[in-house]
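Chains as they are written, first to last, in this note's numbering: chain R, 143 to 324; chain B, 13 to 409.
No lab work stands behind these hints, which were simulated from the structure alone.
Glycine residues also receive a C-beta, built at the ideal position from the N, C-alpha and C atoms.
Worth double-checking, as some hints may not be accurate.
Unchecked claim - Example chain R residues on the side facing chain B (calculated, C-beta under 7 Å, incomplete):
1) GLU162
2) ALA165
3) GLY166
4) LYS173
5) GLN176
6) GLU207
7) ARG314
8) PHE317
Claimed, not checked - Calculated lysine-lysine pairs in the BS3-like style (CA-CA distance at most 25 Å, straight line):
9) R:LYS233 - R:LYS262
10) R:LYS233 - B:LYS379
11) B:LYS256 - R:LYS204
12) B:LYS379 - R:LYS204
13) B:LYS302 - R:LYS204
To be verified - Pulled from the structure, derived: some chain R residues nowhere near chain B, Cβ distances all over 12 Å:
14) GLY182
15) ALA194
16) ILE222
17) MET223
18) GLU244
19) ILE255
20) SER299
21) LEU311
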Amino acid sequence: MLVELRIHGRGGQGSVAMAEMIAGAAFAEGKFAQAFPYLGGGGERRGAPVQAYARISDSPIKLREKIEEPDLVIVQDPSIMEMVDVLAGLKPGGILLINSEEPVDVSRKDVRICFVPAGKIAIETLGRPIMNTALIGALSRITGLVEVGTVEEVLRSKFPKEIAEKNILAVRKAFEQVGGAL
Amino acid sequence: MKGKTAILEGSRAVAEAVRACRPDVISVYPITPQTHILEDLARFVSSGRLKSQFVRADSEFSAASIVYGASAAGARAYTASASQGLLLMNEVIYAMASTRLPVVLTAVNRAISAPITIQPDHQDTMSLRDTGALQIHVESMQEAYDAHVQSFRIAEDPEVLLPLLICMDGWVLSHSYEPVTVFPDEAISEFAGTFHPVQKLDPANPLTYGSYADQDVLMEYRYALMLAQEKAKEKICSVTKEYKDIFGHFDGDLIDTHCTEDAEIILVAMGSMVSTIRAAVDELRAEGRKVGLIKVRTFRPFPGEEIIKACGKAPLIAVLDKSLSVNTGGILATEVKASFYGNPVQPVILPFMAGLGGKEVNRRVIKEIVDIASRSGDKQGPRKDTVWMGLDHGFFN
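This is chain R alone, in the form it adopts within the complex (with noise of 0.2 Å):
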């Protein structure tokens, strides 16, 4: 088994933090897992297109190559897809997953799309748009990649009590409000 995914989202959103926290609880589920991100155009601006990627595996991971084709893209922030193809690449099959209240359409058929208003349950819960807690959650319901319990004991293990158990709210709601595809 290996899984590849790719986030789109803008620097300062936690593109890169999401990958980590993805590959920190399948780690802790006994897979093995790496994140990278790629910071093109000078990258580390905040506001600029970034992408992080992630894999997970049965087995030790070897591979250091960007992810051309993932089974799996995740989109921060849908403003993106009027400058970033989202799609290049993602598999027959693939699943498409969008923070976005409202289900939205794409040029491919031959994908899973999913939608969760990780935007709205960020501001509820966390007071501000980091929306990247909400989309693992939604990531949990779909794919069954990571368990809520153990991204719950990620973020436990990563910020302070309170900051943890606000995310952690985030997750949960995400994990109930994602539609489309499922």
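Add chain B to chain R, keeping to what the hints say.
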């Protein structure tokens, strides 16, 4: 020994190792993609987990000069940089090597301007090739940790006494996360020992460092670096073996090999792409193709004899370079070819430029290299010019 395995960023793995080796003085100037190492170490010092003197500098030149002074005064000293920052340190690193100061430096590989970029290649550390500093190139976050634990003992050995660069590809290793096993600080500190300088700057017993010299001793100083690097070979082998015995990890000493025994084509490479080549070699082997890999772990001292031995009777050697000596070609390929001069077995050695400026080197590119190599050595004779993988010829129209 059992350690604790967790998902760590490569920079954090380096900082964990450096902390446990307890350098007396750290001076680092921030530069992407090295900065996370600096930030992690600064946090360790600020929280009291690391007792080093952390000296802020106004440039990489100053940071290198500060650790130069610290090392000359007998302190275990550490710095880190990347790209343009390493170029700015260049002058000081020459001086460190010739005055035999065993500073450990993490070189987070990043291409050189212009055009300005933050993408990784090996041009920055190659520009330090002739300084006299040792260079160890790592392929994984775990190896980055392991190599840093080993580094101080190698550099500070009385028969070596040279600055040592641990080279790790920017982003691919510095900013990526994977499981890394970290061993207890006490065990690492014990392994790393303490620095016992053979001489040091001391007001009570004045010495001059970096004094003037004429033709009477200057060549001798450079020749002494040749001797010290030969000694470093033995030391690197013994320290990596001891590390393996205690901690169970071995990432290679001067080189590492994979499937070379019966190989008809051997790929030679350094740094993070070595891991991807391992995966590609496994896939090609599964198809019945006799392909092998040599990882050049120490670019300095250069393991020429070890490479020749590992190549055995393999007729084709493909060298993958991430740095360029303009008008000559890939620097690693040039050195591999030079090593084979006069050797009874003369394989065809094919140079490939792969990964310059962060150009992608994935399994597809690696298999293409193997295919190109397989087709050479035919009737027309082997091609000698460098093959530039992924070069956009349209750019020149």
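The hints, checked one at a time:
Annotation: interface hint on GLU162 (chain R) holds; nearest CB of chain B at approximately 5 Å, less than 7 Å. Against a cut-off of 7 Å between C-beta atoms, the interface hint on ALA165 (chain R) holds, since the closest Cβ of chain B lies about 5 Å away. With a least beta-carbon distance of about 5 Å to chain B, the hint placing GLY166 (chain R) at the interface is held under the 7 Å criterion. A least Cβ separation of about 10 Å between LYS173 (chain R) and chain B goes past the 7 Å threshold, and the interface hint is therefore violated.
Using the Cβ-Cβ criterion of 7 Å, the hint placing GLN176 (chain R) at the interface with chain B is satisfied: the shortest such distance is roughly 5 Å. At its closest, the beta carbon of GLU207 (chain R) sits 3 Å from a beta carbon of chain B; the interface hint therefore holds under the 7 Å criterion. The interface hint given for ARG314 (chain R) is broken, as the beta carbon of that residue sits about 23 Å from the closest beta carbon of chain B, more than 7 Å. Here the hint on PHE317 (chain R) is broken, as its CB sits about 22 Å from the closest CB of chain B, past 7 Å.
In summary, the hint linking LYS233 (chain R) to LYS262 (chain R) is not supported, as the alpha carbons are separated by about 29 Å, beyond the 25 Å threshold. Note on LYS233 (chain R) and LYS379 (chain B): the hinted pairing holds, with a Cα-Cα distance of about 22 Å set against a maximum of 25 Å. The hinted pair formed by LYS256 (chain B) and LYS204 (chain R) meets the criterion: a straight-line CA distance of about 20 Å does not exceed 25 Å. Restraint check for LYS379 (chain B) and LYS204 (chain R): the C-alpha separation of about 16 Å stays at or below 25 Å, so the hint holds.
For the proposed pair LYS302 (chain B) and LYS204 (chain R), the alpha carbon gap of about 20 Å is at most 25 Å, so the pair holds. Not every beta carbon of chain B lies more than 12 Å from that of GLY182 (chain R), the smallest distance being close to 8 Å; the non-interface claim is violated. Not every C-beta of chain B lies more than 12 Å from that of ALA194 (chain R), the closest at about 10 Å, which undercuts listing it as non-interface. Annotated as non-interface, ILE222 (chain R) keeps its C-beta farther than 12 Å from every C-beta of chain B; the closest such distance is 20 Å.
No Cβ of chain B approaches the Cβ of MET223 (chain R) within 12 Å, the least distance being about 24 Å, so the stated non-interface status holds. Against chain B, the non-interface label of GLU244 (chain R) holds: every CB pair exceeds 12 Å, the least being about 33 Å. Chain B leaves ILE255 (chain R) outside its interface by the beta-carbon criterion, the shortest separation being 28 Å against a cut-off of 12 Å. At roughly 9 Å from the closest C-beta of chain B, the C-beta of SER299 (chain R) falls inside 12 Å, breaking its exclusion from the interface.
For LEU311 (chain R), the requirement that its beta carbon stay farther than 12 Å from each beta carbon of chain B is met, with the minimum near 24 Å.
Hint compliance for this structure: hints 4, 7, 8, 9, 14, 15 and 20 are not met, and every other hint is.
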